[in-house]
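Novice: Sequences and hints are given; from them, build the entire structure.
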Amino acid sequence: ETGVTQTPRHLVMGMTNKKSLKCEQHLGHNAMYWYKQSAKKPLELMFVYSLEERVENNSVPSRFSPECPNSSHLFLHLHTLQPEDSALYLCASSQETFYGYTFGSGTRLTVV
Amino acid sequence: GQNIDQPTEMTATEGAIVQINCTYQTSGFNGLFWYQQHAGEAPTFLSYNVLDGLEEKGRFSSFLSRSKGYSYLLLKELQMKDSASYLCAVPNYGQNFVFGPGTRLSVLP
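Quick note, the sequences are listed as chains A and B, same order.
Sequential numbering of the first sequence, starting at 55, is according to our numbering.
Sequential numbering of the second sequence, starting at 33, is according to our numbering.
Among these hints, one or two may not hold up.
Stated by the list, open to error - Below, a list of computed lysine-lysine pairs in the DSS-like style, where the Cα atoms sit at most 27 angstroms apart:
hint : chain 1 : residue 1 : chain 2 : residue 2
1    : A       : 94        : B       : 113
2    : B       : 113       : A       : 90
3    : B       : 100       : A       : 95
Said to hold, decoys possible - Computed spacing ranges between beta-carbons, pair by pair:
hint : chain 1 : residue 1 : chain 2 : residue 2 : range
4    : A       : 70        : B       : 91        : 43 to 51 angstroms
5    : A       : 70        : B       : 93        : 48 to 56 angstroms
6    : A       : 109       : B       : 112       : 39 to 47 angstroms
7    : A       : 137       : B       : 108       : 41 to 49 angstroms
8    : B       : 39        : A       : 137       : 26 to 34 angstroms
9    : B       : 108       : A       : 121       : 39 to 47 angstroms
None of these hints come from the bench; they were simulated from the model.
Note that CB positions come from ideal geometry on N, CA and C, so glycine has one too.
Specialist: Next comes the structure, spelled out in structure tokens:
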């Protein structure tokens, strides 16, 4: 148990589907993140929420829509995805930079 | 901006020592992190260096030279379970991180 829980662990969806990824942390951290990890590429920051406000959006396509209803939960809503969006989506949380991130186990997404 | 470089792959033998290098270029510096990631799993924290020198933690040590923009992770007495990707990361600003491409280490018997 890493302290950050992501569901589902695996997801297969069609390009016309709508689905949501969920992330939950009960570590008392004040920031949460979505990262995308594709094969042979560095982790790419998608969204940052600090104190439930979005502070970073790294030019992510609008087919990805984040939601942070409270400091413990983070969602990533997906719609009309493309096959190239297939990747491992990692959620992370942090309190202070000195302690780095705590990552969730990720959702392996396959778009067909 | 930030730029981080690591070797893509390395191979070593069980019981040996391996050094994984990381070079970085940053507009400011607020420490450097190493993470370990086994295939299909979450990255886990290994070390944090903010001052020059070597930080030792069991079989793993991490070194930092801020003047050279250089760090390495040293793994001793390699075990098969050390086969994983090793990610170098530096804070961008605030609590955001930029990650290197990762080094995939294969430990052979």
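Novice: Next step is simple, just say for each hint if it's right about the structure.
Specialist: Hints and how they fare:
no., hint, in the structure
1, 94/A with 113/B, "21 angstroms, holds"
2, 113/B with 90/A, "25 angstroms, holds"
3, 100/B with 95/A, "25 angstroms, holds"
4, 70/A with 91/B: 43 to 51 angstroms, "50 angstroms, holds"
5, 70/A with 93/B: 48 to 56 angstroms, "51 angstroms, holds"
6, 109/A with 112/B: 39 to 47 angstroms, "41 angstroms, holds"
7, 137/A with 108/B: 41 to 49 angstroms, "43 angstroms, holds"
8, 39/B with 137/A: 26 to 34 angstroms, "30 angstroms, holds"
9, 108/B with 121/A: 39 to 47 angstroms, "45 angstroms, holds"
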